[in-house]
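Enquirer: If you read the protein sequences in the order shown, they are chains P and D.
Residue numbers for the first sequence, in my numbering: 1 to 326.
Residue numbers for the second sequence, in my numbering: 1 to 326.
These are calculated hints, taken from the structure and not from any lab test.
Please read these numbers as outputs of a predicted model, since none were measured by experiment.
There may be inaccurate statements among the hints.
[Stated by the list, open to error] Here chain D is said to cover these stretches of chain P; the calculated rule only asks that three of the stretch's residues, wherever they fall, bring their Cβ under 8 Å from a Cβ of chain D: (1) 122-133; (2) 226-232.
[Said to hold, decoys possible] A short list of chain D residues far from chain P (calculated; beta carbon distances all over 12 Å): (3) A38; (4) T59; (5) P232; (6) Q283.
For glycine and all other residues, C-beta sits at the position ideal for the given N, C-alpha and C.
2 protein chains.
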Amino acid sequence: MSDTEFDIIRRYFTRQQPDREDVITGIGDDAALLQMPAGMELVVSMDTLVDGVHFPRGTAAAAIGHKALAVNLSDLAAMGAEPAWATLSLTLPEADANWLAGFSQAFFKLADRFGVQLVGGDTTQGPLSITVQAHGFVPAGKSLRRRGAQVGDHIYVTGTLGGAGLALQLAGEAGGELQQRLDYPQPRIDAGQTLRGIASAAIDISDGLLADLGHLLEHDQLGAALSIDDLPRSAAFAETVKQGGADVRSQYYDLPLSAGDDYELCFTVPEALRGQLASVRQQLSCACTRIGIVEQQAGIRCHMADGKRYAMTARGYRHFGASPHG
Amino acid sequence: MSDTEFDIIRRYFTRQQPDREDVITGIGDDAALLQMPAGMELVVSMDTLVDGVHFPRGTAAAAIGHKALAVNLSDLAAMGAEPAWATLSLTLPEADANWLAGFSQAFFKLADRFGVQLVGGDTTQGPLSITVQAHGFVPAGKSLRRRGAQVGDHIYVTGTLGGAGLALQLAGEAGGELQQRLDYPQPRIDAGQTLRGIASAAIDISDGLLADLGHLLEHDQLGAALSIDDLPRSAAFAETVKQGGADVRSQYYDLPLSAGDDYELCFTVPEALRGQLASVRQQLSCACTRIGIVEQQAGIRCHMADGKRYAMTARGYRHFGASPHG
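My request is simple: use the sequences and hints to build the entire structure.
Expert: Written out as structure tokens, the structure is:
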């Protein structure tokens, strides 16, 4: 790529943005210069998406731009943080104006929604790959963590599960709503902040419920019992599975347990705080469903509504990009 | 790559590190949780290195591990910042234990030297590419910036110029010292911090002196006169150029002006503060050479010792990764 092409790329990322007062210098110096508010802790998450690994080749540029930021905001949500700044490293084989327009518009649309300012980054030539780092704040000592669950705590998830996984499995044949779930995951920022002081532990579901709940429980060497008929499934998910062949129908139980890419939150709430959860539930922009309970015995045991044990065939799905930061 | 391979990779990056008190949670949760010291501003820099673009294919893993962090620390140096934390996104085609050992040892050696703790990141499978974000602190209002130079300010550079560019040009045929300059750039962290309150503007030289000094001057629409015989060159550089063929000898003037990858600092000092610079010079771990003066007229004019104007053939070298953050 020539200098001119780099200039073209940069133009797409220097558009007017929400001008945060805590950004002293954004793009344009050797580094960004930022001001932390008093009494807050800094929360940082970094995720990379690689072409053909984290999204199928040919995925719309807008979906990639949205997702690159969304997966990082989802990590901030799982910490109960308020998003503030992002940096973006974009590696591209060529400067394609249509692609850049689609990517940057979706990236900024999501950034604007959460008041996030792009403050820096890098542009390089190479195989398509995107790394985003998101920065947020959380009041000192109030962050949600993976550790902290106790025996008897109730286990919840936000939104619905399995939709993104089903879309991935149907490879473009899924209906619009499921495809939206895969391409435009919604970070549960408001839920994460609302759950501060209520949830005893939290994690976002990027590798699948079993895998991520497993990460949450392993910190305190605990286990769980899940009621798998209670797992929240969208109407589109249930309908599509019902209409599918035998191979698809068998996914009614497995996908919500094992599929990544939903980016919902999974969290635990002590019995004593369930009343508080009930009182804030109305404020949330998404549903919040109780799916099980934390137990002393290690491992995750799944039960059907009739009490029968469900023999899991699926293991927690782990995409290539499984990260130490979920 | 399998889960096991990802576990192997992660093992190389979870070794014992300097345990900074301001790291509440490093690797192992959804995001890192960090504490900013009072009265400081946060400085963040992000740079990506792509195989075959920012380093020749076959470059030693140790050199890549060092450089990925060094180029980011160099950006912090140019802001006068004290480094604190880093995040690392590593995209690898495969989990090669030898490569990982070399890369991680060099990365941590440099991190340890500056008290930097690796607090998070991501590991993905794909074409070799490394993104690092470095975080540092600077006392509020005391950062060095690209803007701020005034007519009559003296222009300085740290260390020596052209060595890394010569090694790149000789493609492995350079002597050990020049090759070291290319493979193991030394971020001028102490110089950056010492220059706070003395330098009126600063930038690190990653794209070549002419290009980067140009970035510094363009902020205030200024120009400069450089004395190109005064540009600091190492003995190894001068010796190698002298012994080279005609094509190499012509680089005696051009390379220090145009070659990137030296990662020295270029900065300006008002006449009134030259005394202060003289008094702190002894503390610096590198030389500090006056090379010219800031002028009103835009553009950079180069002169030989005999006063003759040097007709620049070289334009500021711009590697693929030329970034909005230098």
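Enquirer: Confirm or reject each hint.
Expert: Outcome of the hint check:
1. Residues of the region 122-133 of chain P with a Cβ under 8 Å from some Cβ of chain D number 9, which satisfies the need for three, so the listed coverage holds.
2. Counting residues of the region 226-232 of chain P whose C-beta lies closer than 8 Å to any C-beta of chain D gives 0; at least three are required, and the coverage claim is violated.
3. Residue-level check failed: D/A38 sits 8 Å from the nearest beta carbon of chain P, not beyond 12 Å.
4. Every C-beta of chain P lies more than 12 Å from that of D/T59, the closest at about 15 Å, which supports listing it as non-interface.
5. The Cβ of D/P232 sits about 21 Å from the closest Cβ of chain P, beyond the 12 Å cut-off, so the non-interface label holds.
6. Under the 12 Å C-beta cut-off, the non-interface status given to D/Q283 relative to chain P holds; the minimum distance is some 22 Å.
In summary, the structure is inconsistent with hints 2, 3 from the numbered list given earlier, while agreeing with the others.
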